[in-house]
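Protein chains in written order, with the working numbering: chain A, 1 to 162; chain B, 1001 to 1162; chain C, 2001 to 2162; chain D, 3001 to 3162.
It should be emphasised that the hints constitute simulated quantities derived from the structure, not laboratory data. For clarity, every value in this text was computed on a predicted model and none was experimentally measured. A virtual CB, placed ideally from N, CA and C, is assigned to each residue, including glycine. Treat the hints with caution; some may be incorrect.
[As the list claims (entries may be wrong)] Partial selection, computed: residues in chain C whose CB lies under 8 Å from chain A:
id	residue
1	Thr2011
2	Gly2021
3	Leu2023
4	Phe2025
5	Met2050
6	Cys2071
7	Ile2108
8	Lys2111
9	Ser2114
10	Pro2132
11	Gly2134
12	Glu2159
13	Val2161
[As the list claims (entries may be wrong)] Here are the computed distance ranges between Cβ atoms for each label pair:
id	chain 1	residue 1	chain 2	residue 2	range
14	D	Asn3017	B	Glu1160	18 to 28 Å
15	D	Ser3114	C	Met2049	41 to 51 Å
16	D	Arg3040	A	Asp58	41 to 51 Å
17	B	Met1157	A	Asp58	40 to 50 Å
18	A	Met1	C	Met2049	35 to 45 Å
19	A	Asn74	B	Glu1059	20 to 30 Å
20	A	Phe24	B	Asp1058	50 to 60 Å
21	C	Glu2015	A	His31	52 to 62 Å
22	A	Leu54	D	Ser3114	45 to 55 Å
23	D	Ile3019	B	Asp1058	20 to 30 Å
24	C	Ile2069	D	Gln3042	48 to 58 Å
25	D	Glu3072	C	Glu2015	19 to 29 Å
26	B	Ser1150	A	Asp32	40 to 50 Å
27	D	Ser3114	A	Glu159	54 to 64 Å
[Said to hold, decoys possible] In silico DSSO-like cross-links for lysine-lysine, where the CA-CA straight-line distance does not exceed 27 Å:
id	chain 1	residue 1	chain 2	residue 2
28	D	Lys3151	B	Lys1151
29	D	Lys3095	B	Lys1111
30	A	Lys99	A	Lys151
31	D	Lys3090	B	Lys1111
32	A	Lys111	B	Lys1151
33	C	Lys2162	A	Lys151
34	D	Lys3099	B	Lys1026
35	B	Lys1095	B	Lys1026
36	D	Lys3162	B	Lys1151
37	D	Lys3026	B	Lys1153
38	D	Lys3095	D	Lys3026
39	C	Lys2151	B	Lys1111
40	A	Lys111	D	Lys3111
There are 4 protein chains.
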Amino acid sequence: MAVRIFITGGTFDKEYNEITGQLFFKDTHMHDLLEMGRCRVQVEIRTLMMIDSLEMTDEDRDLIVHQCIQCEENKIVITHGTDTMSETAKVIAQKMTGKTVVLTGAMIPIKFGSSDGLFNLGSALAFAQSLPHGVYVAMNGRFFHWDNVSKNKQTGMFEEVK
Amino acid sequence: MAVRIFITGGTFDKEYNEITGQLFFKDTHMHDLLEMGRCRVQVEIRTLMMIDSLEMTDEDRDLIVHQCIQCEENKIVITHGTDTMSETAKVIAQKMTGKTVVLTGAMIPIKFGSSDGLFNLGSALAFAQSLPHGVYVAMNGRFFHWDNVSKNKQTGMFEEVK
Amino acid sequence: MAVRIFITGGTFDKEYNEITGQLFFKDTHMHDLLEMGRCRVQVEIRTLMMIDSLEMTDEDRDLIVHQCIQCEENKIVITHGTDTMSETAKVIAQKMTGKTVVLTGAMIPIKFGSSDGLFNLGSALAFAQSLPHGVYVAMNGRFFHWDNVSKNKQTGMFEEVK
Amino acid sequence: MAVRIFITGGTFDKEYNEITGQLFFKDTHMHDLLEMGRCRVQVEIRTLMMIDSLEMTDEDRDLIVHQCIQCEENKIVITHGTDTMSETAKVIAQKMTGKTVVLTGAMIPIKFGSSDGLFNLGSALAFAQSLPHGVYVAMNGRFFHWDNVSKNKQTGMFEEVK
């Protein structure tokens, strides 16, 4: 069965505006990454929003949960900004069961060339296919349960809380 | 517990000789990839050989099996040329049990920039951490059991046999 | 005779801080670019400052002029932020004669992979070796005389004024 | 006035066939490079052939000379394999005068990411705009007169003969 991929934005999909020197969102780079990875997993891709996760509202999270519940697939990958990834994981876990949901993202925009995005996407798709039902964060090659993960703001790495 | 990574060569680690126009092996690019992926999985890396998998002998495969059995870790990732990856998987499966072994590689050398290697490594490390004991091939974002996989020589993609 | 290269910063040498999402300066990427270009021009490299050109002061420009006058070489390339590149060119031209000085930079940081920096450096080194004495801006594959150039802030391209 | 760009192939434009592991030609990467360099030089591009320069015949060289003579522009850049670049330069110089012709190429295919091609193109376009009439090779950031250049087959670098 297919894996559902939901796009929400985050550093993963940021672009560099060479006129202003600012980062901004245009289109997702998901298709380029799947092509570069010669990915043959059957996927259904849908962009839900294109925002910095620091600006994600309760309404935005409700939309994500709603989409996770509604979609036919029971294996879901969500690309998400790293700053509030664990918060969104928590909200999904509290409102949905019976599916494997894996949130992932990147510390370096994919467009910058030396991004961790391709590595993270590879691991997230793998975890989505192999982990039991539940909500997880996949970063730094590891997976974390939604109730035991936070981003270390000093190092940028994800860690267990307990 | 740590994941053991064994390097055996393959397109994954090939370099381009700009004088002769030939591909050749020097050092593995594993450390660069793990750094690019901001990988925080505890890994133990050992290079067993640096060869094109078309030139892999029975003795070479015995060495790989021996190393898989001897190492302390029970989660193992092996980078390997794609041409005979499924053969090596078979040999390992026939001689060893009780560990999760994931073979992976690349269609494009990592040094070429647009390689599938980083994606494959991300998924291989994830599968090694999450799949039950057994021997698998991880390519194209998917995992295959050792007794049900072959490389399609026309497309370069891995497929189920049955 | 050698070409002198002076580094002053600018987008050319900016890095991306993956923790804060901000751009910052660390070391110059000049050596990496010269190596990538297999450059065999004899060069003498000196970093004068590492700043955004919007923050460049009169004193900073005096330092650049002083270095241009003092150095032994009479072919000089200066990497510089694009925003005030033409201002610095004007100051140099008004205070120094008898050398070929070429200012260049980048719209995209070199570290981002798809930068124009390598192209600009190639053209700047070429112009420094082949143009008569004078002060020039080399951007977009073209060269401009110091008294007839400005950056179009809408397009990011350099244009003749007259 | 515009610069004429003639494409003849060479390592510059080679692609990697991931099924066979062989290098081959498809389309030129000239447009991608000009875009990456934010090039605003007015150019007219024409592909004359797509071959390894070791396979270039006298007839091929006659075609190149003919095109150099016929085209309206008097500033010409030719991308060419490095192995016989100096031979072609010689043939052009012996049959044509009154234009600035600059041959360039790459040691690493552009598609491999860490290519010298963008640097070489930047310098070739600059030399074509600034050098007096004559036939030149532009490699390694330098320019060479057609009658004083050869490729060092040990180092891959271009050198003066005399």
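Which constraints among the numbered hints does this structure fail? Numbers only, ascending. Of the numbered hints, 4, 5, 6, 10, 11, 12, 13, 15, 18, 19, 21, 22, 24, 25, 26, 27, 28, 29, 31, 32, 33, 34, 35, 36, 38, 39 do not hold.
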